[in-house]
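There are 4 protein chains.
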Amino acid sequence: MIRKQTIITTAIKLFARQGFDGTTTLQIATEAGVTEPLIYYHFKGKDDLFTHILGEVFGSYFIRLEALEGPTKNEFEKIERIFALHFQFVEDMPDETLLIVSACPAKLRDPENICAQNIARQRKLLIGILMNSLQTGIRTGEFCKVPTEATANLLLGLINGLVRQRSFKMETLEEMRATAVDFCRRSLLATA
Amino acid sequence: MIRKQTIITTAIKLFARQGFDGTTTLQIATEAGVTEPLIYYHFKGKDDLFTHILGEVFGSYFIRLEALEGPTKNEFEKIERIFALHFQFVEDMPDETLLIVSACPAKLRDPENICAQNIARQRKLLIGILMNSLQTGIRTGEFCKVPTEATANLLLGLINGLVRQRSFKMETLEEMRATAVDFCRRSLLATA
Amino acid sequence: MIRKQTIITTAIKLFARQGFDGTTTLQIATEAGVTEPLIYYHFKGKDDLFTHILGEVFGSYFIRLEALEGPTKNEFEKIERIFALHFQFVEDMPDETLLIVSACPAKLRDPENICAQNIARQRKLLIGILMNSLQTGIRTGEFCKVPTEATANLLLGLINGLVRQRSFKMETLEEMRATAVDFCRRSLLATA
Amino acid sequence: MIRKQTIITTAIKLFARQGFDGTTTLQIATEAGVTEPLIYYHFKGKDDLFTHILGEVFGSYFIRLEALEGPTKNEFEKIERIFALHFQFVEDMPDETLLIVSACPAKLRDPENICAQNIARQRKLLIGILMNSLQTGIRTGEFCKVPTEATANLLLGLINGLVRQRSFKMETLEEMRATAVDFCRRSLLATA
DNA sequence: GATGAATGAGTGTTCATTCAT
DNA sequence: TATGAATGAACACTCATTCAT
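Protein chains in written order, with this note's numbering: chain G, 905 to 1096; chain L, 905 to 1096; chain Z, 905 to 1096; chain C, 905 to 1096.
Everything labelled a hint here was simulated from the structure, so no lab data went into it. One should not assume that every hint holds.
Which copy is meant is left open, so a pair is good if it fits within one copy or across any two.
Claimed, not checked - As a list, the in silico DMTMM-like pairs of lysine to aspartate or glutamate whose alpha-carbon atoms are at most 25 Å apart:
1. Lys1049 - Asp1086
2. Lys908 - Glu970
3. Lys1049 - Glu1078
4. Lys1049 - Glu1079
5. Lys1049 - Glu995
6. Lys1028 - Glu1079
7. Lys982 - Glu970
8. Lys982 - Glu1078
9. Lys950 - Glu981
10. Lys950 - Asp925
11. Lys1028 - Glu973
Whenever a hint applies, use it, and build me the whole structure from the sequences.
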């Protein structure tokens, strides 16, 4: 049972760095110190292994995302929290993050597939939270008047872009996070 | 000779949508309406085809980047131009863009390789321009005091994130561009 | 112990319908509601399971065959009894019958093997009985003059052919049996 | 192109002797003196190779069957011709015959499949011819009154049984054929 | 008796690539 | 230029079998 976890961990690392198609089951097995058939004992196949991993990763991601709810003293704090969450996620699990921000392999991209659904759900959830915050903030006068949908997309793009940079080579995360939050604050806040 | 171009065009589309490892030479040949050996007549192999494509794409990308130089009435206009350039690039060649913002296939990731070098060069160039602008702008009082390197990275991340969103599904580019530029303007400009 | 029998019964069904090579131990185990290693607890391996089954089936077959001996009012009745026996066998155990009339899997076809030996013994026994009957019948004037060996082979072929048809889809066995017996009677009997 | 035929010939031999599941593509390739991928260059896969072969074999079989039509001086001659045809087929192509009288591999047994369809067609055709002959013969008084359907099935079973025996080990075919025809003649003819 | 975990040896299949023409 | 035929190497996956428990 401990070896199943080793397979998963190894697969995450390899899928993240080489992509699904660039990773072979033999490579996963060898690097995990097991034999290939063991992968097939625990999973139906390479696709299933990938799907399982993406499910787990998105699972812990969504848990964090839901834990975000709760009262804040203003709307910007909500946005700040989303930044914090993603930077924390990259720091905690850099390889897993890459899987989340990467596209599914072509063969798993059909909308019926759970992988594609997870990715769609993530996007929808984030856009929902962001738009909600922006609308409320604009109404209360906390934010200056910005186009909500486009700005929500922009913030999402910014998060993805940063997270992606981060996954490749680890720099000083904290400075990056602070800079990004300040950047957005100056841009959004209506300084009377 | 026209068929060589067909091979290239087809390969760009497939590499962009399915990745390097997820695309087979047979698929490229079939979709291009030629036979596989013809690919090997025009290119040394699959790697060479990919390298050639990335070279071409980065070529036209760098041409645009160099065309950016020239006097501007202020520093923010330089930044604005960079946004415009990338949004235009996505619009003109959506598939090519994906190749630029995507990671190289694992096997071509070694720093000696021209693919990795192109990507590194792109990053260095953009960061260079951005940092230069930011420093000048801060010195002249056009921009408020921001950490230059982190902000340059942030802007690069934002551009990559947006461009990546754009490549997946085409929305109203113009609104997105305007929103992004305004967002950055508010954030950077020192409105005394 | 009851589970050993379940394994056997399931294996008979699957071997009969899919052949030895087309049946996996996992399939047998699953369909029998046990786990694979249990098969290996009760049998040395897949070959042994098959051999065991063929032994059992031929066992009960040979018992019936031996029970055939005994006085009859004429020679044709002996032949009639052989038909009856085989039709009864199909009716009682359709799957087992298929195993008997089918060829051994390639790997068990070597003449030293008990499977091949059983099949050879069956053939020899039946041919023996049939030739004996034919010779006696011809001598006594009950049968018309037919080449005994060829006719014995013919009758054996007929039986095998019918039994094989029967195993695939169950039709009205009784009519078939009667028709076959009448057919042979008309052909063999010397009607003065 | 000559090697494609070698593959086919080798595959026929091996499929006939070891069954579909008992034969590996590697074995076919090795025995045919080619490499495995060549099989996949000429055929979509193992299934396709088998299907192709069965199609070809049934093709030449059906051609002979259709060539059977034509005037005969009586109905029994028609039946005699069917016997002759099958004995000739075994003699000409013993391996191919085994494929025809054997059941499809389990995976190709679904009624939509062309293999299963060929086998069903063969059976239907033969039963059709035989029943037709029997009915006509009975009406004209050539044959004694036998149940037509059951007798047609019986004759089919006899043919299959003999052909099957023949494919395994070659004995004196001619004697067998003559014996079978005589056997049936005595049984069917109404000797007033 | 019974099983979960594990594997060596293969199985069908695909891939990038080559070569004679 | 272009291709039909061919292949070495690898790939995802399965199989019969084992072993510690």
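**Q.** Hints violated by the structure (numbers, ascending)
**A.** Hint check: 2, 5, 9 fail, others pass.
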